[in-house]
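S.K.: Put the complex together from the two separate chains, hints included.
Here the protein sequences come in this chain order: A and B. Here the working numbering is used: the first residue of the first sequence is 1023, the next is one more, and so on. Here the working numbering is used: the first residue of the second sequence is 122, the next is one more, and so on.
Hint data in this document are derived by calculation from the structure and do not stem from the laboratory. You may find that some hints are simply not true.
Below, in silico cross-link-like pairs of lysine to aspartate or glutamate (EDC-like), each with a Cα-Cα straight-line distance of 20 Å or less [unchecked claim]:
#1 A:K1118 / A:D1086
#2 B:K290 / A:D1053
#3 B:K240 / B:E228
#4 B:K290 / A:D1033
#5 B:K290 / B:E228
#6 B:K240 / B:D213
#7 B:K290 / B:D259
#8 A:K1055 / B:D259
From the derived model, a few chain A residues whose C-beta atoms are all more than 12 Å from chain B [unchecked claim]:
#9 G1045
#10 T1046
#11 P1064
#12 L1065
#13 S1067
#14 T1088
#15 G1089
For every residue, glycine included, the Cβ atom is placed at its ideal position computed from N, Cα and C.
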Amino acid sequence: MSDCQPAWSGDSLLLAFESNRNGTEDIFVVDPKGNGLRSVTPLRSNEFHPSWSTFGRQIALISDRTGATEIYTLTVTPTAPVVTSKPAMKQLTFDKAPKANPAWERTMPTPTD
Amino acid sequence: MSKVDGEADIYAMTTMGFAMINLTHDKTVGLRADSEPAWSPDGQFVAFQRTGIKTPGARLFVVRSDGSSDPRALSAPSATGASETHPNWSPDGRTIVFSSNRTGHFELYLVSATRGLAKQLTFTSSVVDNLEPAWSPDGQSIAFVRHEWTMLGGIPSFPTESIYMLWLKTGQIYRITNREWE
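Bound-form chain B, shown alone (with noise of 0.2 Å):
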């Protein structure tokens, strides 16, 4: 993502640092923000966020990598103004996974990466949010962030944001940092 015209767009470029392609920009200039690519694993196409500067939410998009084509929405507008963020491929470019707070916080989903209705994935109690997460190449695990409180009083205290591990086969969950021992 860049601001180099004044609107946050996704572009693409070559690691020697030139060539690059503006993937989203249109005529709706100060009306949003784009942010969060993720190529798909055939470079093919990015997946992306996109945030209303004057509605509430976000939602995830999809594009063509060489700009041929204009933004796909993944899914339908929210009607309560949820924010789906952070999208993420599956190896096999198949599905793609996600943030979204539509229940109220942030949980991790999964839903096709030709739209269809997203599968919730985590389910986890209001002072946790899941966020970020990150298919591991293997296709086995989903890395992610859980920001969690600290309950003092009845009042979410010190925020702490931990790396966490979802494996897919079991459903596991457990902590890769901010444990005990470190």
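Bound-form chain A, shown alone (with noise of 0.2 Å):
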């Protein structure tokens, strides 16, 4: 088994990392003394290299799902990220050229976090 790629949210209250212990990797979170483990891409596609937004409501990701390595972002509660089938991703490149390790901007709020 291989948990790998920890990230810390902006509170320092959760991590987020990478592990293929469902099968696929996926991103899971946790909190800093190892409870509340939880994925948060329950998916069939290979999810990689987590980093949160600056306040802990999204966290910036590359997916597999179309086939080719992009960057997305996914949406998740403060306190409670939301575990669901298919998790509400959105898709930031486009150009199936190879990428890895998107780490998000600390000083850079959106509109969404």
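M.R.: Have a look at this one:
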């Protein structure tokens, strides 16, 4: 099992990370003491490299759901990220070039953040 | 990081998905790959790792986030070809934590964001690699990945990667994923 790519929420209350514990790579969140572990991308595709938005309401990530590795944002609630079979992800890139490691600028609030 | 032009470079873009700026493009096409970008807390700089295609190891660099300057190396090239990877900034922007295998396996180190000698932060056995540090925004702890091998007959077997936490005030390290009761 591989848990990797830890990323802090802006309030230091949650960690997002990448794990293959469910068969594909997915994004999970957990608190700093290891409690409240849950997936926020329960999909058949692979999701990688989480990075939180400034105030912790969105996560930027890489997904191969279209066959190419593109950058997406995923909206979560501050204290209890929604776990659904189809998380609402917004695709930001479309050029099909290989991508990795999105990093959200800490000082940049977004309209929905 | 994107390879949209065939070269692995660091780009900055808006969350609307446009206005991409190539921060690390230069004339060394085909000789290196840039990855693992990390924003400084004030948004003025991006730290990243540069891997040489024909030279061993990786080095850390810092570049202005508007692309107005050339990347600046945080350390001199390693004589042993060691890799310095996964930079991440302290909340005050003064220090960068990273992972390096300069001892033969990966440990965590701290270095001034303006260059200087690195200080080793973790001291673990040779069957452990400490990777991908992430400094908490409140400055109190660093999350990281520990890659561990189970030794069977003297042979490293069954690799596992788990998330660990280092509390800076006490130096305490504990595992937060892949615990026995999960």
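S.K.: Between the alpha carbons of K1118 (chain A) and D1086 (chain A), is the straight-line distance 20 Å or under?
M.R.: 10 Å, holds
S.K.: Holds or violated: K1055 (chain A) and D259 (chain B), Cα atoms, limit 20 Å.
M.R.: This hinted pair holds, its Cα atoms lying about 15 Å apart.
S.K.: For G1045 (chain A), which was marked as not at the interface, is the minimum beta-carbon distance to chain B over 12 Å?
M.R.: Non-interface label stands for G1045 (chain A): nearest chain B Cβ at 16 Å, farther than 12 Å.
S.K.: For the pair supplied as a hint, K240 (chain B) and D213 (chain B), confirm whether the alpha-carbon distance does not exceed 20 Å.
M.R.: OK: K240 (chain B) and D213 (chain B) at ~18 Å, within 20 Å.
S.K.: Does S1067 (chain A) sit more than 12 Å from chain B, CB to CB?
M.R.: 19 Å, holds
S.K.: Say whether it holds or is violated: T1046 (chain A) keeps its Cβ farther than 12 Å from all Cβ of chain B.
M.R.: Non-interface label stands for T1046 (chain A): nearest chain B Cβ at 16 Å, farther than 12 Å.
S.K.: Is the hinted pair K290 (chain B) and D1033 (chain A) satisfied, with a Cα-Cα distance of at most 20 Å?
M.R.: Roughly 19 Å between the alpha carbons, so the hint for K290 (chain B) and D1033 (chain A) holds.
S.K.: Over 12 Å from every CB of chain B: does T1088 (chain A) meet that, or does the non-interface label fail?
M.R.: Non-interface label on T1088 (chain A) holds, nearest chain B Cβ at 14 Å vs cutoff 12 Å.
S.K.: When you check the alpha-carbon spacing of K290 (chain B) and D1053 (chain A), does it fall within 20 Å?
M.R.: 19 Å, holds
S.K.: Against chain B, does G1089 (chain A) hold up as non-interface, every C-beta pair farther apart than 12 Å?
M.R.: 16 Å, holds
S.K.: With a cut-off of 20 Å on the C-alpha distance, tell me whether K290 (chain B) and D259 (chain B) pass.
M.R.: 12 Å, holds
S.K.: Is the Cβ of P1064 (chain A) more than 12 Å away from each Cβ in chain B?
M.R.: Holds: least Cβ distance 17 Å, greater than 12 Å.
Consistency note: the structure conflicts with none of the earlier hints.
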